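First to last, the sequence lines map onto chains A and B. Reading the first sequence from the start, the letters are residues 1 to 444 in our numbering. Reading the second sequence from the start, the letters are residues 1 to 444 in our numbering.
Calculated directly from the structure, the hints in this document are not laboratory data. Among the hints, erroneous ones may be present.
[Unchecked claim] Chain B stretches covered by chain A per the calculated footprint, using a threshold of three residues with CB under 8 angstroms from any CB of chain A:
1. 25-33
2. 94-105
3. 241-254
4. 274-286
5. 299-313
6. 418-424
All figures in this text were calculated on a predicted structure; none of them were measured in a lab. We put the CB at the ideal spot given by N, CA and C, even for glycine.
Number of protein chains: 2
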Amino acid sequence: MISSLTITDVEVTDVRVPTSDNLMGSDPFHKKPDYSAVVIRLHTNSTVQGHSLVFNIGAGNDWVAYGVRDLAVLVVGQQLDTFVQSPAALHQLMVEHHQMRWLADGVFRMAAGGLINALWDLWAQAEGKPMWALLADLTPEQVVACVDWRYLRDVLTPEQALDILHRGRNGIEARRERLQQHGPVAYSTSGWLGLSDAQIEVDIKAMQDRGFQHFKTKVGGNLDDDIKRLTFLRGVIGDEACLMTDANQIWGVDEAIEWMLQLSAFKPFWIEEPTARDDVLGFIKIRQALKSQGIGVAAGEQVPSPVIFKQMLASGALTHCQIDAIRMGGVNDVIAVILVAAKYDIPVCPHGGGIGLCNMIRHYAIWDQLAVSCKREGRFVEYLNFLQDDVFEAPVTVSQGCYDTPVEPGWGLAMKPSFIEQHTFPDGAVWVDRPGPVGAAFTA
Amino acid sequence: MISSLTITDVEVTDVRVPTSDNLMGSDPFHKKPDYSAVVIRLHTNSTVQGHSLVFNIGAGNDWVAYGVRDLAVLVVGQQLDTFVQSPAALHQLMVEHHQMRWLADGVFRMAAGGLINALWDLWAQAEGKPMWALLADLTPEQVVACVDWRYLRDVLTPEQALDILHRGRNGIEARRERLQQHGPVAYSTSGWLGLSDAQIEVDIKAMQDRGFQHFKTKVGGNLDDDIKRLTFLRGVIGDEACLMTDANQIWGVDEAIEWMLQLSAFKPFWIEEPTARDDVLGFIKIRQALKSQGIGVAAGEQVPSPVIFKQMLASGALTHCQIDAIRMGGVNDVIAVILVAAKYDIPVCPHGGGIGLCNMIRHYAIWDQLAVSCKREGRFVEYLNFLQDDVFEAPVTVSQGCYDTPVEPGWGLAMKPSFIEQHTFPDGAVWVDRPGPVGAAFTA
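Bound-form chain A, shown alone (with noise of 0.2 angstroms):
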């Protein structure tokens, strides 16, 4: 089947949620997110088609739309087969194209990112296996070969890439098996910054209802409602359970140093992005401060790219490995991530939220507790419960505090039409009769 599978269109839509209505998803930073995503369709000879998407928070994601509107030149009348041969060689042609490569990370890669994984869901689909069986189905060397090792190979080269696939091959039919039976365990982001703590202590106990015992905070705003909220929060899920707390880049480094010094009475777990995202140096720093404290330190949500992965897992700077579905160049970049913190032993714990990342990061959650690290323990997976029945046809599901290991072919990011319709931006029912959309686009 995949070798007559031949790309005939990309489309590509602009969907958005008013998220900001209710404060869903704030913090220090991010005021008033409203979760969007550019939805890509990848439309073939066949009825089979590639979906995937590229999650942003509001104004700025018709500008990815566009820049994968550009690219789907280099996708339209491809063929499935040509990819599957060498993913890395369409991964090449976009993220390192001579002339687009001036544009950097950011925009770009995200964009070029959202094309390479709707090939890969497209490969999926046409194979009938959910992404992270397909992953854990190629063979050490296919997993190398999608890696550009340009930048890598001095902290990770493809010989110890391969040693390190090779040996997860063993037991792998068992934690197959086990994984089948409980997917990774999720944790659960309830403490936004917007919202009453009564709101929040309902959000939790319904989650403890579900077997969630890790649980997320927004801090940073100010240090004495961080005291307050922390208090509240170790009032509600006791002192025994995993609180993290995340910053969302709000501090400088010093600062971030300080304010979680005074926050280590409660016994946070890691402090996700205390500065910015792109500081190695700041990241050391503040890693080296806070281990006598117990503190981890996390990040990856807007790592712009794998050089800057590199660095924070080579150097000890984070103690867990946030990786993101969409903020890099597509699975190619994450086969590479995920590689790297496997030799360094730094556990995945991948970022989520917003529309559809959960249904992506779970696949290398599963992935990499299957076939890479070949751990589960210390293992943590974030998870939100909103934005999913009424957006997918396949929702993502948890059992007892872990993800359900998925079944049905691809990432599971085929959308209901009616929301789709309802939501495209800026002429969905949702939007048309709101402030115009430039007026909303930039609220301050």
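Please arrange chain B on chain A, whose structure you already have, making use of the hints.
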């Protein structure tokens, strides 16, 4: 006059030159650049305009143009006076916009920088001052207030920056007089990888006749070719002339070290962009390995954020700081980097080339040498002898190997209307008869 100026419209034009026809600008990674610019013109309620541009190398110029047009809503209707009162406010509104900052650096920061630079030009036009003089006439307090210190103060505090700028007032009038006689020392980038030795020799001889003693060449395609090229170049310029090398990120970290050790006999003054633009730890390793050979390490044209620059400068990874005029968030970001460089006594040697970059960077170099580092020695500013006379109303000029210090107000970026008309992409006369824009844009 300033108090009455209001921005009424932002005109954005996608301008491209088919430089790939003769391989000007070619290097191992960027094989066929088409030098391009997003041309930004602020119209006002008077005849005064504000001009800037964002340089690109072909495909993707439209991505940045799209972004500038989108962000323009934040500028139209603004009074210049509001910007003058707080240049930081607009910079922050764009670069740290609570929804847009998710787009990270690259396209987003470049688009924001294009608009911010146009505001600065409008200010300078209204004052009737060249940009360097506008900057030099600001009080130290005004300069420091332009900068976003959130992620920088762990290496440079606002108070330390004030000290640097206050010291810079000593002897400023004498330096101003000297710089008005001879602007910053220029160097010539001559050894484009796609050009023949004969072509390069003609070019170098012409530059020597104009007083140039510093030359840069591209390396990294093939070691044997590099040895031949450097042997040839040393033959043309002599053993004593300053010869820089530039790899445009073609190498991994260890490869960069091995390769440059094999070229050390040719006494390269610096190796520019030996590896990935964001590999701080990689640059540190390279610098340490090449130190004993007397080979410096330079970068900047693709350093994507002040945070990466901060790390590169404070760690000693860079021996020369190649600030660029369009990569980051405009004047405000560049001020920050020049101040950090001054603290660590790292010479500012701006990145030129492209369309209009030389027009802009001379102002930064003059301001640095006049009012910040206050040093001329060891500071070299890139100069390219093409895309000037046919392009700009007031082209950049050099005398005796030095930039002439400009006297015209603003950046000096006003383009000849005929140039813009002919080179507008894809409908200008230069492009309309060529292969389709999409095909041309994505030539592999």
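Going through the hints against the structure:
no. : hint    : result
1   : 25-33   : holds (count 5)
2   : 94-105  : holds (count 10)
3   : 241-254 : holds (count 4)
4   : 274-286 : holds (count 9)
5   : 299-313 : holds (count 7)
6   : 418-424 : violated (count 0)
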